[in-house]
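Now for the letters of each chain:
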Amino acid sequence: MRYTVYKLIAFLSLAYTMSSCRKEVTNIPLAQADDMAILQGYLNPDLDTITIALSVASGITKNKKTITQTDLEHAQVTIESNGVVKPLQFLTNNYGLVVFYLKRTELPILSGSTYTVRAKNGDKFSMEAMTTVPAPDFDFSFETTGPFHSASSDIYRIKTKVADIRGQENFYRINIYSEMPWNNSNVAIYYVTDDHDATAEISTKIELGAYAKDSGTCTLSVSNISEEYYKFAESLNTLGNTDGNPFAEPTRLYTNVQGGIGILASMRVKYKAL
Amino acid sequence: MKSTIVSLSIVGAFAATSPAFAQAKLTLSGFVKESNSQETLPGAVIKVKGSETFVTTNEYGFYSLSLPQGSYELEVYFPGYVSNKTFTIDLNSSQKLDMDIAPQNTLEEVTVTAQSGQVANLRMGTHQLEIDQIKNVPALLGEKDVFKVIKLLPGVQKGQEGSSGFNVRGGGVDQNLIILDDAVVYNASHLFGFFSVFNGDALKGVELIKGGYPAKYGERLSSVLNMTMKEGDKEKFKGEYGIGLLSSRVTIEGPIVKNKASFLLSGRRTYADVLAQPILKAFGESPAGYYFYDMNAKVNYQINDRNSIYLSGYFGRDKFYINFKDRDMESSAKNNFSWGNATGTFRWNMILNPKLFANLTFNYSNYNMSVYMKEKFGSDTYIMQYLSSIDDIGAKYDLSYYASARHTIKAGYKITRHLFKPSVYTTIENQDKKITQADDYISWENNLYIDDEWKITKSLAANLGLRGSSFTTNAKTYFNLEPRASVRYLLNDLTSVKASYTVMNQYMHLVSSTGINMPTDLWIPATERVAPQRAKQYSAGLFRDLQIGKQMFNLSLEGYYKDMSNIVSYKEGASFMSIGDPTDNGKPITFEDNVTSGTGKSYGAELMFQKQKGRFTGWLSYTLSWTKYHFAEINNGEWFYPRHDRRHDVNLVGFYEINKKIRLNALFTFATGNPVMLPRYEANIVGNIPVDGNLSGSNVYNGYHLYTDRNTYRTEAYHRMDLGIQFMKQKKNGVRTWELSFYNVYNRQNPFFYNMESSSFMSEQKLYKYTIFPFIPSITYSFKFS
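Heads up: the sequence lines are chains A and B, in that order. The numbering of the first sequence is the numbering used here, which starts it at 1 and goes up by one. The numbering of the second sequence is the numbering used here, which starts it at 1 and goes up by one.
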């Protein structure tokens with residue numbers, strides 16, 4: 001249903017646009033916008049490497065200060081926990097995404113611990129963000145039904161149940177990853193949360209195309225994610241879905257990065273083959 | 001609050017003991033009617049010549065005057081009608097007198113004899129529109145539109161270019177109570193907001209109240225738009241049809257039993273879809289189209305001198321469709337998207353005695369929106385239907401008691417049951433039917449009011465009222481009291497000053513994530529988590545009739561300040577698309593999760609300079625206003641200007657009747673730009689977050705637009721001029737009219753929306769303005785027959 005409405009909005013936007021007259025506006029009376037640095041990091045205790053990525057948000061209206069790729073590559077990036085500070089090393093620049101890394105052996109990521117990441121480069125930018133890794137107490141089960149025939153394609157329904165942590169609001173990412181010969185990708189991603197203090201179990205229903213399910217290469221994963229991860233991912237989704245729709249209520253990207261924008265989040269992940 | 005109750009008690013005591021009340025008086029009562037059709041005229045002012053005594057007809061055209069025995073000359077004033085007609089009566093006993101007045105013939109000489117109704121009337125912040133004015137204002141594609149004319153009044157801010165939505169004194173579009181024959185119309189727009197659903201041919205009266213509300217009115221914070229349908233001519237059959245570029249319309253009315261019962265039927269439909277079908281077929285395209293239609297019907301029956309009953313209804317719908325068929329693949333698809341309103345009203349007017357008038361009303365109102373998709377592939381069929389609706393059923397009982405020449409007391413009770421169905425989602429897959437439904441809300445709303453229109457001295461009059469309301473949803477009940485007070489002081493025959501204080505509550509919210517009127521906008525009730533909206537409004541004004549030579553002009557200057565609390569908006573990042581979506585996974589998201597409550601304030605000044613009589617009529621209106629909103633969860637808790645804030649708004653409207661055959665109509669409108677939010681950054685962000693969090697192999701998505709402070713960019717000013725010329729000719733069976741309309745005559749490129757785009761791949765982002773209505777000429781043919 002959601003996608004039907006998206007399509008409808010997209011169609012209406014297109015219809016309005018087609019029937020409109022377009023003219024460039026010059027001398028926009030807006031304050032100038034300097035470039036801003038973006039920080040993204042997702043800490044996972046099971047991963048052998050910590051990765052932090054830096055990128056740029058370019059000011060649209062005649063920016064005064066620019067941040068270049070070189071500025072990002074020469075940033076000092078550190079991670080701190082319980083008074084222990086470790087520097088991260090430059091790894092790669094992947095078309096505008098500058099990645100720094102640190103081996104887990106240098107600073108283990110532990111459930112319940114709090115981590116602070118800082119990234120700075122002189123007067124160009126100075127960012128700081130913090131996250132606490134979720135506790136590992138969760139498990140999940142799933143059942144598959146189908147295939148169901150539909151006019152467009154055959155589908156399976158995957159019903160996932162997550163045994164939840166009582167007494168707190170929990171946030172999850174439910175993901176299906178497919179490794180088909182022609183394409184490795186996430187074929188379904190859902191972000192869910194539960195009722196605070198109310199339920200001990202949440203249930204999701206995912207519809208999966210038969211072509212993916214029958215390939216035998218699908219993995220179902222459930223990540224117990226931090227609240228900031230959930231908020232960031234949801235606002236990023238909305239931003240993507242409404243981008244280019246001039247009638248949509250403007251969306252601000254959630255950020256927990258001081259001195260810049262972006263996200264430092266953490267999670268625990270469990271996998272099961274479908 | 002306490003003081004208001006005390007005031008009302010004093011009023012009652014005063015009424016019972018005043019010498020004027022104690023003196024034996026006779027009662028003159030009846031209806032004010034249009035001379036030809038016998039339609040009653042609500043809001044007409046009846047004045048006793050040579051005295052300060054006057055009374056206003058109620059919303060059903062009834063009046064009652066208490067006078068000592070004697071001979072009197074009565075003057076009747078109603079906008080657009082002959083005002084120099086006097087009625088002479090020798091009052092020896094209480095009696096009934098129906099007064100007929102005729103529509104004004106502008107070509108006849110007008111004698112200015114008395115002050116206009118606006119100076120004497122207690123009400124302020126109120127505009128009564130003449131239907132002829134609505135029909136004469138030049139319109140886009142010749143489609144006459146009540147809302148387009150309302151937006152030319154002071155205190156009414158324009159919305160988006162082309163949109164029929166309007167904002168009154170800084171309020172949101174949901175803060176306007178739009179009622180047609182006592183039934184609420186929830187979505188008053190056709191074609192995504194470009195036209196309103198009201199067909200001017202079927203309307204008798206249009207009244208907009210912006211402030212100084214009598215206690216009878218409530219339910220919304222910012223305005224009441226009260227429309228009444230014609231009852232139908234009781235003497236003869238007549239009608240009108242019109243053929244325009246976008247739609248055609250027809251209205252017929254006439255007696256069922258002469259002078260006892262009559263009917264009215266009116267309808268219109270667009271036909272772009274019908275005209276487009278042969279073209280689509282010729283080019284091998286799939287059938288697709290859009291149309292809207294609406295129908296109004298009313299019957300009434302005068303049982304006897306004291307009792308009349310009325311039954312009226314409105315039904316209108318918009319439909320957008322696209323079908324597809326592939327014979328080779330044995331597949332087909334049908335897609336419909338439709339929305340519409342239906343209302344019904346049964347009314348019983350009772351004159352219980354010459355001083356006591358009662359009205360009993362039962363009404364029904366429904367708005368629904370549906371999406372229907374049917375796909376067929378070979379023998380497999382898949383059907384999906386989505387339905388969202390709101391249903392109201394209610395009853396009300398109103399009493400008008402004309403206690404004495406000094407006191408008119410009105411009281412009433414209204415009960416409404418609201419049924420909200422945010423979404424019902426049905427799928428049928430090869431006979432396997434599945435229905436998923438978001439929670440319904442059933443709410444009960446009760447309103448009780450009393451007010452007294454009190455003529456304290458020759459010059460001083462007051463309207464004191466109190467309204468109590470309750471609203472229950474699930475286990476939560478809200479109770480609120482709304483005091484109302486208005487005073488008017490006559491400085492002289494031609495000048496008065498007025499002031500008012502009102503408190504309003506609103507128990508329903510419209511959640512919308514777009515700047516235009518979309519059928520997907522959702523009405524939701526106040527609940528335990530989302531409190532009702534509330535507003536306090538203070539206003540004051542000067543009203544003056546100006547006589548310049550033989551010409552009469554009306555001038556009004558009003559100022560207002562409005563405080564609003566618990567107004568509702570989407571949280572940043574929230575989307576209406578996820579509300580109540582049954583296909584969502586995990587915890588169902590309710591509207592309460594997505595909205596946040598805040599406060600607002602609006603203040604400004606309004607000027608109206610009007611000429612209502614003569615060959616040349618029209619008005620100049622000017623509004624200076626400020627509106628600011630504050631939400632803790634939006635814009636980092638900083639105050640911001642909402643989209644409908646406009647600093648200056650000027651409208652100039654003129655009608656000139658050259659002779660009986662030719663009439664010129666023109667309007668010019670100007671408004672300073674409205675604030676919008678533009679993206680400030682283009683960001684490189686990892687959109688597809690890796691499930692394990694390892695970013696070493698991730699790619700960035702280049703082109704996320706990021707926003708910062710809300711509505712910091714103000715669009716360029718809006719202005720345009722429309723012209724129209726009407727050619728009338730008397731024919732054997734009626735009058736035919738050709739009308740030429742020229743919308744936006746100097747082709748101003750007014751902003752519809754702004755968008756940040758790259759002119760080519762990877763090039764610099766630039767701001768583009770989109771406009772939709774350039775210079776548009778149109779022609780309309782209409783014929784009035786009788």
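Simulated from the structure, these hints should not be mistaken for lab results. The beta carbon of each residue, even a glycine, is placed where N, CA and C say it ideally should be. Hints may be right or wrong, so weigh each one.
[Unchecked claim] Straight line, CA to CA, 27 Å or less: simulated DSS-like cross-link-like pairs of lysine-lysine:
#, chain 1, residue 1, chain 2, residue 2
1, B, Lys376, B, Lys334
2, B, Lys355, A, Lys205
3, B, Lys766, A, Lys124
4, B, Lys334, B, Lys33
5, B, Lys766, A, Lys205
[As the list claims (entries may be wrong)] Residues from chain A that keep clear of chain B, each with C-beta distances beyond 12 Å, as calculated:
#, residue
6, Gly41
7, Ala53
8, Ser81
9, Thr105
10, Ile109
11, Leu110
12, Thr114
13, Met130
14, Ile165
15, Gly240
[What the hints assert, rightly or not] A few chain A residues that face chain B, going by a derived Cβ cut-off under 7 Å, partial list only:
#, residue
16, Lys23
17, Asn44
18, Thr51
19, Val56
20, Val85
21, Val99
22, Leu102
23, Ser221
Status of the hints after comparison with the structure:
{"no.": "1", "hint": "Lys376(B) <-> Lys334(B)", "result": "holds (9 Å)"}
{"no.": "2", "hint": "Lys355(B) <-> Lys205(A)", "result": "violated (67 Å)"}
{"no.": "3", "hint": "Lys766(B) <-> Lys124(A)", "result": "holds (25 Å)"}
{"no.": "4", "hint": "Lys334(B) <-> Lys33(B)", "result": "violated (51 Å)"}
{"no.": "5", "hint": "Lys766(B) <-> Lys205(A)", "result": "violated (42 Å)"}
{"no.": "6", "hint": "Gly41", "result": "violated (7 Å)"}
{"no.": "7", "hint": "Ala53", "result": "violated (4 Å)"}
{"no.": "8", "hint": "Ser81", "result": "holds (16 Å)"}
{"no.": "9", "hint": "Thr105", "result": "holds (16 Å)"}
{"no.": "10", "hint": "Ile109", "result": "violated (10 Å)"}
{"no.": "11", "hint": "Leu110", "result": "holds (15 Å)"}
{"no.": "12", "hint": "Thr114", "result": "holds (17 Å)"}
{"no.": "13", "hint": "Met130", "result": "holds (16 Å)"}
{"no.": "14", "hint": "Ile165", "result": "holds (15 Å)"}
{"no.": "15", "hint": "Gly240", "result": "violated (6 Å)"}
{"no.": "16", "hint": "Lys23", "result": "holds (5 Å)"}
{"no.": "17", "hint": "Asn44", "result": "holds (4 Å)"}
{"no.": "18", "hint": "Thr51", "result": "holds (4 Å)"}
{"no.": "19", "hint": "Val56", "result": "holds (6 Å)"}
{"no.": "20", "hint": "Val85", "result": "violated (21 Å)"}
{"no.": "21", "hint": "Val99", "result": "holds (5 Å)"}
{"no.": "22", "hint": "Leu102", "result": "violated (12 Å)"}
{"no.": "23", "hint": "Ser221", "result": "holds (5 Å)"}
Of the numbered hints stated above, those contradicted by the structure are hints 2, 4, 5, 6, 7, 10, 15, 20, 22, listed in ascending order.
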